[in-house]
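Q: Protein chains in written order, with this note's numbering: chain X, 1 to 230; chain C, 1001 to 1230; chain P, 2001 to 2229; chain D, 3001 to 3229.
Keep in mind the hints are simulated off the structure, nothing from the lab. Some hints here could point you the wrong way.
[Said to hold, decoys possible] Some but not every residue of chain C turned toward chain P, in silico, with C-beta under 10 Å: (1) Leu1109; (2) Thr1127; (3) Lys1133.
[Said to hold, decoys possible] When the alpha-carbon atoms are kept at most 30 Å apart in a straight line, the in silico BS3-like pairs for lysine-lysine are as follows: (4) X/Lys117 to C/Lys1133; (5) X/Lys133 to X/Lys117; (6) C/Lys1133 to C/Lys1117; (7) C/Lys1117 to C/Lys1047; (8) C/Lys1133 to X/Lys133; (9) C/Lys1047 to X/Lys133; (10) C/Lys1117 to X/Lys117; (11) C/Lys1047 to C/Lys1133; (12) X/Lys47 to X/Lys133; (13) X/Lys117 to X/Lys47.
[Said to hold, decoys possible] A partial selection of chain C residues facing chain X, derived with a Cβ cut-off under 7 Å: (14) Leu1120; (15) Thr1121; (16) Arg1131; (17) Gly1132.
Ideal Cβ positions, reconstructed from N, Cα and C, are used throughout, including at glycine.
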Amino acid sequence: MSLNDKSTSIEEAVARIPDGARVLIGGFGVPGTPFTLIHELVRQGQKNLTLVKNDANETGMGIDHLLASGQVARLITTHIGLNPRAIEMMNAGSLDVEFCGQGILAERLHAGGAGLKGFLTDIGVGTELTRGKPQHELNGETLVLETALRADFALIHADTADRFGNLRYKATARNFNPIMAMAADCVVVEAEHLVELGALASDDVHTPGPFVDHLVELGELSQEYGIVRR
Amino acid sequence: MSLNDKSTSIEEAVARIPDGARVLIGGFGVPGTPFTLIHELVRQGQKNLTLVKNDANETGMGIDHLLASGQVARLITTHIGLNPRAIEMMNAGSLDVEFCGQGILAERLHAGGAGLKGFLTDIGVGTELTRGKPQHELNGETLVLETALRADFALIHADTADRFGNLRYKATARNFNPIMAMAADCVVVEAEHLVELGALASDDVHTPGPFVDHLVELGELSQEYGIVRR
Amino acid sequence: MSDANSPQAAATAMDPRTRMVARAAREVKAGMVVNLGIGLPTQIVGHLPAGFSVCLHSENGLAGTGPVLGYDQADRNLIDAGGAYVSTLPGAAFFDSLTSFAMVRGGRLDLTVLGAFEVAENGDLANWRIPGRFSPGVGGGIELAQKARRVVVLSTHTDRKGRPKLLERCSLPLTAAGCVSRIITDLAVIDVTPDGYALRELAEASSLAAVQAATGAELALPLGEIPRF
Amino acid sequence: MSDANSPQAAATAMDPRTRMVARAAREVKAGMVVNLGIGLPTQIVGHLPAGFSVCLHSENGLAGTGPVLGYDQADRNLIDAGGAYVSTLPGAAFFDSLTSFAMVRGGRLDLTVLGAFEVAENGDLANWRIPGRFSPGVGGGIELAQKARRVVVLSTHTDRKGRPKLLERCSLPLTAAGCVSRIITDLAVIDVTPDGYALRELAEASSLAAVQAATGAELALPLGEIPRF
Chain X
1 MSLNDKSTSI EEAVARIPDG ARVLIGGFGV PGTPFTLIHE LVRQGQKNLT
51 LVKNDANETG MGIDHLLASG QVARLITTHI GLNPRAIEMM NAGSLDVEFC
101 GQGILAERLH AGGAGLKGFL TDIGVGTELT RGKPQHELNG ETLVLETALR
151 ADFALIHADT ADRFGNLRYK ATARNFNPIM AMAADCVVVE AEHLVELGAL
201 ASDDVHTPGP FVDHLVELGE LSQEYGIVRR
Chain C
1001 MSLNDKSTSI EEAVARIPDG ARVLIGGFGV PGTPFTLIHE LVRQGQKNLT
1051 LVKNDANETG MGIDHLLASG QVARLITTHI GLNPRAIEMM NAGSLDVEFC
1101 GQGILAERLH AGGAGLKGFL TDIGVGTELT RGKPQHELNG ETLVLETALR
1151 ADFALIHADT ADRFGNLRYK ATARNFNPIM AMAADCVVVE AEHLVELGAL
1201 ASDDVHTPGP FVDHLVELGE LSQEYGIVRR
Chain P
2001 MSDANSPQAA ATAMDPRTRM VARAAREVKA GMVVNLGIGL PTQIVGHLPA
2051 GFSVCLHSEN GLAGTGPVLG YDQADRNLID AGGAYVSTLP GAAFFDSLTS
2101 FAMVRGGRLD LTVLGAFEVA ENGDLANWRI PGRFSPGVGG GIELAQKARR
2151 VVVLSTHTDR KGRPKLLERC SLPLTAAGCV SRIITDLAVI DVTPDGYALR
2201 ELAEASSLAA VQAATGAELA LPLGEIPRF
Chain D
3001 MSDANSPQAA ATAMDPRTRM VARAAREVKA GMVVNLGIGL PTQIVGHLPA
3051 GFSVCLHSEN GLAGTGPVLG YDQADRNLID AGGAYVSTLP GAAFFDSLTS
3101 FAMVRGGRLD LTVLGAFEVA ENGDLANWRI PGRFSPGVGG GIELAQKARR
3151 VVVLSTHTDR KGRPKLLERC SLPLTAAGCV SRIITDLAVI DVTPDGYALR
3201 ELAEASSLAA VQAATGAELA LPLGEIPRF
């Protein structure tokens, strides 16, 4: 027995995404954002996308390019405070933004990835953050029903991948990547280093290979991956 | 700033468990079962315990000692087929057994650990496995509401721990340990190796230290940890 | 994969039990993620071509399971879900039970091969509990049966007392409803279709009459000659 | 910890803003797991005694956060939740966002220190949204406010226009209801009690009259002399 090789070209991997797809995008700020996959998505020009991402990056970085090119119809996110374009588009009605608490977004993705349908939580009960969400009584407590979130695609940034798709992340570049890598029908990974089978110790894998569909090895990293001096 | 040392003696750590406590116990078969902590619990003799464990181990091993000593009132588990005593006690009515699907047990513990109250799933709908569980309609689908499971204590077996309680597990000895280590008010860990702060790389931690309360270093391992020849 | 057909070539020399396992091995396609149930299904590993591209999932937290090891090579921390001491392939990964079942319920399991007490012609599966006699708990069985993309049952055609396991309706408590796609037995390969059971293949030493007699429900027959395995 | 009191000793030379941060640093007890909100609260790090035993949690996936680094020492993959390039302590651990918020909601966060737009005398906190003007999303704020074992607000006593932030009721959308235990400002330390606001301490350059004038709700006074910080 052996494990199969999932490496492919970035053009082929991203070309699987159709117009109207829902796409999860890893990253919290710069670390863990798949900038190269995002650029390819801009280049290919798929339209009417729904993105799920912790934040909207900053002007001129990451998904801001997809906002600028008009490819995004809807954004499910926790915070867009560092991207004036996103705020402006939201206020102008040209971008539909759904806000979600950060840990609740993580759990909604976990539920989607784990094949669950939703979960009950007391987070946000009685605040406008849960307005319109179905409520549920349990043991005399009023709870909110948060629904599972799953997508057609996930775009993931990893530090290292082996050819089967076992992934490792670096430091706080992990963030939403492992959760999103479990919550999409087709998971596309860009990895800074692509290594042979067996090069990652089985105890050291952050995302197991069965969750991953397509792997792209990054060459030299673009400036977007670097330190942001403010 | 520095991180605090949580190492203690096994007597002190286990003595915190009172009669009537609900205790999560890691392990799937032999690997990951905290045999030494279980032996100390037998020695101290706390009564009327509710245990949550994937399986009931085998005769003369692990929680079978707690069953034999009459310390267990209730067992929440997925499978007890390898322990005739557990089956016999269940059939005789001297042990209250609640069966749970294995992945559903994992998710109930995750929900408990993550401060959620329950989740909706289609697993087991229409079978006797979900009989008596509250049902919930969502988007026209009949689902079961599974409730969060949390406990007073968790007894965890790790391969390596640093003094702050960052843990690493070996191979399939991981199983329920990381989930249970997140789902109890007081988490007691036995570790085969106790190392200094900084000895575990931050990217290589399986269970982060903030979840852990007390650490016990194991000396020479008892026979129970070894290979079982059938 | 030049040796992909060698197990079948060797099948002529097999006893019926080995033959059904070898037949079940042909359900495993290259690149699949597969969970093999305890008992007969785990023996499928021995019938896969050398170097065959497949990722075996063990629900206790392992993807990339390799063959079973002797006690002398065994790692005390490394078992499969049936408790066997196994090896791992290059590229194997360990994970916790939460991740393991997320893989199952999230749709990442292409195939599971399971044993059965009873199967019904609508695909219902009963393999976990015989009331009053055998109640060890369901383990991970429900989730495997309900959520693997394809469920194949590998089982003797009848129970120890010779009673059919393939029925119109299950009498035992269900593991999961309508989940079974195919049943491979010592006598035949039978699919569950919207119209009930459909015979696909006959075992070498079997006959149509023997299969019909041992099956507790109607059996649609293929047009033309029935293939043998 | 022989130098545990040095920050307070140095406080006499501090401006009011630095002084309130130094006062807030005294809320951090040895062995705690603490999340410091963006802005003023993160400055608390600079006021902890050298070697102080504390685990700082950053909700983007880090426990054991160390001091902020200059750009030349920064690791491009290592930031805190506010985007600052931070260091890590020996024994720090990285984890994903799911684990990070399980830590918060599961009760493993002993303390969070947060900023505020408004606080109410029943402990309600509003710090995420000013309708029509400032709506960037709540991030991890709700969960921190609702689930940390203790929530301390660190904020100027009034907003930029001099209006009180401590009110009878919040007018802005709530982050979480009834969550705040203590408010530390440039003027005072005030606790939220079942009977409303209770003054505990006055800043060195502050006065009772100044605090009362800048507070939008009734303020219970301590018996005897009011301690200074």
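Q: All hints are to be evaluated individually against the structure, with a verdict given for each.
A: Status of the hints after comparison with the structure:
Interface hint status for leucine 1109 of chain C: upheld, as the beta-carbon distance to the closest one in chain P is roughly 8 Å, under 10 Å. Interface restraint check: threonine 1127 of chain C against chain P, minimum CB-CB distance 5 Å, threshold 10 Å, status holds. The beta carbon of lysine 1133 of chain C is not positioned within 10 Å of any beta carbon in chain P (closest approach about 13 Å), and the interface hint is therefore violated. Only pairs whose Cα atoms come within 30 Å are accepted, and lysine 117 of chain X paired with lysine 1133 of chain C is accepted, the gap being roughly 16 Å.
This hinted pair checks out: lysine 133 of chain X and lysine 117 of chain X have alpha carbons roughly 14 Å apart, not beyond 30 Å. A C-alpha spacing of about 14 Å is found between lysine 1133 of chain C and lysine 1117 of chain C, which places the hinted pair at or below 30 Å, so the restraint holds. For the hint linking lysine 1117 of chain C to lysine 1047 of chain C, the alpha-carbon distance of about 28 Å falls within 30 Å, and the restraint holds. Distance hint between lysine 1133 of chain C and lysine 133 of chain X is fulfilled; the C-alpha atoms sit about 23 Å from each other, no more than 30 Å.
For the proposed pair lysine 1047 of chain C and lysine 133 of chain X, the alpha carbon gap of about 44 Å is over 30 Å, so the pair is violated. Simply put, lysine 1117 of chain C and lysine 117 of chain X have alpha-carbon atoms about 14 Å apart, close enough for the 30 Å limit, and the pair holds. Only pairs whose Cα atoms come within 30 Å are accepted, and lysine 1047 of chain C paired with lysine 1133 of chain C is accepted, the gap being roughly 29 Å. Distance hint between lysine 47 of chain X and lysine 133 of chain X is fulfilled; the C-alpha atoms sit about 29 Å from each other, no more than 30 Å.
With a C-alpha separation of about 28 Å, the suggested pairing of lysine 117 of chain X with lysine 47 of chain X holds against the 30 Å cut-off. Nearest Cβ of chain X to the Cβ of leucine 1120 of chain C: about 4 Å, under the 7 Å cut. The hint holds. Restraint check, threonine 1121 of chain C versus chain X: the minimum CB separation of about 5 Å is within 7 Å; hint holds. With 7 Å as the threshold, the beta carbon of arginine 1131 of chain C stays out of range of chain X, its nearest partner Cβ sitting at about 19 Å, so the hint is violated.
Checking glycine 1132 of chain C against chain X by beta carbon gives a least distance of about 15 Å; that is not within 7 Å, so the hint is violated.
Hint compliance for this structure: hints 3, 9, 16, 17 are not met, and every other hint is.
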